[in-house]
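There are 2 protein chains.
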Amino acid sequence: MRAIHAQCILCAAKYELTKLYTCEKCGGILDVIYDYHGLSKLNKAAFPGMWAYMELLPVRDPRSVISLGEGWTPLLSVPRLGENLNLNLYVKNETVEPTGSFKDRPISVAVSKARELGAKTVTTSSSGNAGASVAAYAARAGLECYIFVPASVPQDKLTQIRMYGAQVVQVGGEFSNAYHIAKEISERRGWSNLTSTFASPYPTEANKTVAYELWEQLQGELPDWILIPIASGPLLVGMYKGFCELKEIGLITKIPRFIGVQAEGCAPIVRAFMTGTKVVAWERTETIASGISDSLAGYEQDGDYTLWAIKQSNGYAIAVSDQELIRASQDLARLEGIYAETTGAASIAAVEKLMAMKIIKPTELVVSVVTGSGFKDNASYGKTLPDLPVVSSVEEAERLIDAK
Amino acid sequence: MRAIHAQCILCAAKYELTKLYTCEKCGGILDVIYDYHGLSKLNKAAFPGMWAYMELLPVRDPRSVISLGEGWTPLLSVPRLGENLNLNLYVKNETVEPTGSFKDRPISVAVSKARELGAKTVTTSSSGNAGASVAAYAARAGLECYIFVPASVPQDKLTQIRMYGAQVVQVGGEFSNAYHIAKEISERRGWSNLTSTFASPYPTEANKTVAYELWEQLQGELPDWILIPIASGPLLVGMYKGFCELKEIGLITKIPRFIGVQAEGCAPIVRAFMTGTKVVAWERTETIASGISDSLAGYEQDGDYTLWAIKQSNGYAIAVSDQELIRASQDLARLEGIYAETTGAASIAAVEKLMAMKIIKPTELVVSVVTGSGFKDNASYGKTLPDLPVVSSVEEAERLIDAK
Numbered sequence: 003m004r005a006i007h008a009q010c011i012l013c014a015a016k017y018e019l020t021k022l023y024t025c026e027k028c029g030g031i032l033d034v035i036y037d038y039h040g041l042s043k044l045n046k047a048a049f050p051g052m053w054a055y056m057e058l059l060p061v062r063d064p065r066s067v068i069s070l071g072e073g074w075t076p077l078l079s080v081p082r083l084g085e086n087l088n089l090n091l092y093v094k095n096e097t098v099e100p101t102g103s104f105k106d107r108p109i110s111v112a113v114s115k116a117r118e119l120g121a122k123t124v125t126t127s128s129s130g131n132a133g134a135s136v137a138a139y140a141a142r143a144g145l146e147c148y149i150f151v152p153a154s155v156p157q158d159k160l161t162q163i164r165m166y167g168a169q170v171v172q173v174g175g176e177f178s179n180a181y182h183i184a185k186e187i188s189e190r191r192g193w194s195n196l197t198s199t200f201a202s203p204y205p206t207e208a209n210k211t212v213a214y215e216l217w218e219q220l221q222g223e224l225p226d227w228i229l230i231p232i233a234s235g236p237l238l239v240g241m242y243k244g245f246c247e248l249k250e251i252g253l254i255t256k257i258p259r260f261i262g263v264q265a266e267g268c269a270p271i272v273r274a275f276m277t278g279t280k281v282v283a284w285e286r287t288e289t290i291a292s293g294i295s296d297s298l299a300g301y302e303q304d305g306d307y308t309l310w311a312i313k314q315s316n317g318y319a320i321a322v323s324d325q326e327l328i329r330a331s332q333d334l335a336r337l338e339g340i341y342a343e344t345t346g347a348a349s350i351a352a353v354e355k356l357m358a359m360k361i362i363k364p365t366e367l368v369v370s371v372v373t374g375s376g377f378k379d380n381a382s383y384g385k386t387l388p389d390l391p392v393v394s395s396v397e398e399a400e401r402l403i404d405a406k
Numbered sequence: 003m004r005a006i007h008a009q010c011i012l013c014a015a016k017y018e019l020t021k022l023y024t025c026e027k028c029g030g031i032l033d034v035i036y037d038y039h040g041l042s043k044l045n046k047a048a049f050p051g052m053w054a055y056m057e058l059l060p061v062r063d064p065r066s067v068i069s070l071g072e073g074w075t076p077l078l079s080v081p082r083l084g085e086n087l088n089l090n091l092y093v094k095n096e097t098v099e100p101t102g103s104f105k106d107r108p109i110s111v112a113v114s115k116a117r118e119l120g121a122k123t124v125t126t127s128s129s130g131n132a133g134a135s136v137a138a139y140a141a142r143a144g145l146e147c148y149i150f151v152p153a154s155v156p157q158d159k160l161t162q163i164r165m166y167g168a169q170v171v172q173v174g175g176e177f178s179n180a181y182h183i184a185k186e187i188s189e190r191r192g193w194s195n196l197t198s199t200f201a202s203p204y205p206t207e208a209n210k211t212v213a214y215e216l217w218e219q220l221q222g223e224l225p226d227w228i229l230i231p232i233a234s235g236p237l238l239v240g241m242y243k244g245f246c247e248l249k250e251i252g253l254i255t256k257i258p259r260f261i262g263v264q265a266e267g268c269a270p271i272v273r274a275f276m277t278g279t280k281v282v283a284w285e286r287t288e289t290i291a292s293g294i295s296d297s298l299a300g301y302e303q304d305g306d307y308t309l310w311a312i313k314q315s316n317g318y319a320i321a322v323s324d325q326e327l328i329r330a331s332q333d334l335a336r337l338e339g340i341y342a343e344t345t346g347a348a349s350i351a352a353v354e355k356l357m358a359m360k361i362i363k364p365t366e367l368v369v370s371v372v373t374g375s376g377f378k379d380n381a382s383y384g385k386t387l388p389d390l391p392v393v394s395s396v397e398e399a400e401r402l403i404d405a406k
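Protein chains in written order, with my numbering: chain A, 3 to 406; chain B, 3 to 406.
Worth flagging that the hints you see were computed from the coordinates, not collected in a lab.
Heads up, some of the hints might be wrong.
Heads up, the list lumps identical chains together, so a pair's fine if it works in one copy or across two of them.
In silico lysine-lysine, DSS-like type, Cα no more than 25 angstroms apart, as pairs [claimed, not checked]:
| # | residue 1 | residue 2 |
| --- | --- | --- |
| 1 | K363 | K122 |
| 2 | K21 | K313 |
| 3 | K43 | K355 |
| 4 | K355 | K185 |
| 5 | K406 | K43 |
| 6 | K360 | K406 |
| 7 | K249 | K43 |
| 8 | K313 | K249 |
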C-alpha cells in the first residue's frame, strides 16, 4: 500500500489512515495522499477486477478485501448511437457491476476498510444504489447493516437492498433528511457510516480505478471528454484524481476534460458552475433520476470539491431535462442494447446538447460513464409501456405482427 | 476459426456452417465439429470477455461479432455459504452479464452468426432471459426483432425486453406454445430463429467458454462437481463440451462431473435420469423458477442430449422445491451479497440436498453456476417483503431500530 496519510483539502491537517469522516479542525474533506516515488507503471495485484490496483487503494491487507469481482467493466464503442450523434463515442458500462451500479467500487473499498478497522455494524444513507452496495458487501463481510433511504426511493431498489438482509429505515422528505439521521444515529451508536459521498476519505479512492481502466482499455489513447452523472460527484473527483496520478507517474501527459451532468430539477453544481459562485443547496429537488436527486443541503462543500475538479480539468457542467433522460435511456437500449437507469443515461443525454452548443466537436473522443442498470428503474419503465395482448394461435400472432 | 462443419449427433450427416436448425435427414440436433490439430493451448483473440476464445467459436469474421462485453464473469469463493454447507464452494456469477443472465453468451454468438449469414429479422421464443438477450444484441446489431414469450413471464423480464425495442408477442399456456408459434412464423417469414436451445447448432458453442474460464480462473485445478440449473440444458452440454475440448487439446486429464438441477414442478430430465428412460415431456409445469419452467414438449430430444452429457460425465440430476429455491436465493444474497433469480439459485439449492445424500462430499471442490440476476425476479421478491414504515426524526428512527 502506497497510501501514507489522509489530509484535509482545506487546511492541510494530516491524519492517520484510521481516521474516518472529515477534518477535526475545520470540517474539510479529507483526501488520501500516496507515495508515488519510484512508480512508473500500474502494478497489478493478484485480484481480478478493480482490486488489481490495490497498490493505489487505501487498504493495507489483502485479507481485508471484500470483493464481489467489481470493476473491469466493458468499455463499449457505441457506433449506432455515435452515428446518430456524429461522434466517436464510447460507453463505460458500469451497469454490469455486481449490484448494478458503479457504487460497488467505492463501497467495496469502504466495507474492506471498515472491516480492517474492526467495524461490527455499517450504515449508509442512500438514494438507492449505494444502499444496495453497502447491503451486499456487508452481507459478504458478515457485518450488521442499516440503510437509511428517502421514502421516494424506487421500489425496485428497495427490494434489492432488503434481499441482502439489511435493515432499511425509510425517511420522509428530501434525501438530505436521510443523510442527517444516518449521521446522527451512527455517531450515537458508534456505527461505521459508509456514505459514499466525501464524508469519508476512502470510498472516493476506488473511483480512480475507472480512470486506470479507461486508460488501459483505450491502450494509451485519452478521451477528450468524459461525461459523468453527478449528485455530489465522488465518481468525477475520483476519476479526475486517477488521471492526475497517471500523469504524476509519467504514463500520460494531459488530463481529459470532465463534464458533470445533473438533472434540471436538481442541479446545484451546474448552477454554481454557470454563475461562478460556490455551491448552494438546491431548494426543491424534482426529477425522475433518483440517483442524482440530492440537494446537497448540509454538505455543500462536497459540491464545491467536484466543481473544483471540473474546473481544474477545464471541463463543463450541464443539466438535462427528465424528458431528455428518458430519451437517452431509450436510445441506449434501442440502438446499443445497453439497459441503463435514467440517472445512468444522463451522461448520454448531455452529449447531443453539448454538440449543439459546439462544446463537444465531431472529431473528438468522448466517453460517457453509464453508472447504473435499467433494472434499478424497471418498475418505472414498465409503467410507461402499453399493455400487451395475449395470443393463442399462429394466426392470431400473425395478425398482431402485421397490425404493427 | 477452427470450426469445420456441423454434424448430426444421431445420423452423423454433415452440413456447411451456414446450416441453421436441425438435421434435414433425421431431425437430429447438429453439433459443430472443430479441427483441434496442432492446438495445445487456448489462443486469445483481441476481444475482451468471451470472444477472446473466438478460435473455438463458430463465427468466421471478427467484424461479424456483436458483443456487449459478455463473459469473463467473476468466479467467487463463497466462504460464508460454504461454511454453512461445510464445503469448498465457488459461485460462477453469471448474474453480471450485460442483460443479467448467462444467455448473453449463446445469444451473442447466435446474433453474430445470424448477421454473418445476412439475417434481417431475428426472433426467439423465451421464458424471459434469452428474450432479453436476443432483444439487446439485435438492437446493437440493428436487426428487427420479435420475441415470443409465455404469458406467465414475470413483468420485470418483459419490461426489459420491451425497452430494447423488440416487438413482444405474448402466447397463452405452456412455454412450448410460444416455442412452436415462433418456429412456425419464422419459417413462414424467413426470420432467423435464435431459440437458444439446441434448435440451432451455434448458440450452444458459446457455453463452452464458461468451462474455459473456470479452468483459467481455477488455475488448472478442476472442480469435482459443477451444478447448473437446466431447462433443456444447452449450458450444461456446452460446458461439458468445453471441458472435453480442454482434454482433447491436452490441457486437462479428467472431466468434472455435471449435476443438472431442475424444479420439482418441472423436472423432465431429472425424471428420466431417475427412471433410466428417455425424456418425456412434463405434463403440467408448476414452479416459481420461470427460467427452467419448460416442459420440453416437442423437443424432448434436447433433454436426451443433456441427459447424455450428464451421464457421460458420471454426473447426477436432481430436483428442488420452490421453497428450497427461495431459501437458496435468500442465502446467496444474505450471506454472500449475490442477488440471483430463483432459477439462478437452483444450483445452490441442490448442494445441501446432495451433501445430505452423500453424493457431494465435504472435501470436494464444487462450482455452482448462478445463471441469472435477482433483478429478473425483483417484483416477485418485493411482494414477499412486509411494508416499511416511514420515519421523520432521529427519535422515530431509533425506536424503529430498537424494536427489531
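Check your understanding: Between copies, within a copy, both or neither: which fits K406 and K43 at Cα up to 25 angstroms?
Key -> neither (56 angstroms within a copy, 50 angstroms between copies)
Practice item. Pop the pair K21 and K313 into one bin, within, between, both or neither, using alpha-carbon distances up to 25 angstroms. Key: neither (29 angstroms within a copy, 58 angstroms between copies)
Exercise for review: With 25 angstroms as the alpha-carbon cut-off, assign the pair K360 and K406 to within, between, both or neither.
Suggested key: neither (38 angstroms within a copy, 56 angstroms between copies)
Review point. When no copy is specified for K313 and K249, does a C-alpha distance of 25 angstroms or less occur within a copy, between copies, both, or neither?
Key: So K313 and K249 pass the 25 angstroms test inside one copy only (17 angstroms; across, 57 angstroms).
**Study point:** Copy assignment of K355 with K185, given that the CA separation must stay at most 25 angstroms
**Key:** neither (38 angstroms within a copy, 44 angstroms between copies)
Practice item. Using 25 angstroms as the alpha carbon limit, work out where K249 and K43 are close: within a copy, between copies, both or neither. Key: within (11 angstroms within a copy, 38 angstroms between copies)
Check your understanding: When no copy is specified for K363 and K122, does a C-alpha distance of 25 angstroms or less occur within a copy, between copies, both, or neither?
Key -> neither (51 angstroms within a copy, 33 angstroms between copies)
Review point. Between K43 and K355, at a C-alpha cutoff of 25 angstroms, which is it: within one copy, between copies, both, or neither?
Key: neither (37 angstroms within a copy, 49 angstroms between copies)
Going through the hint list in order, the structure does not satisfy hints 1, 2, 3, 4, 5, 6.
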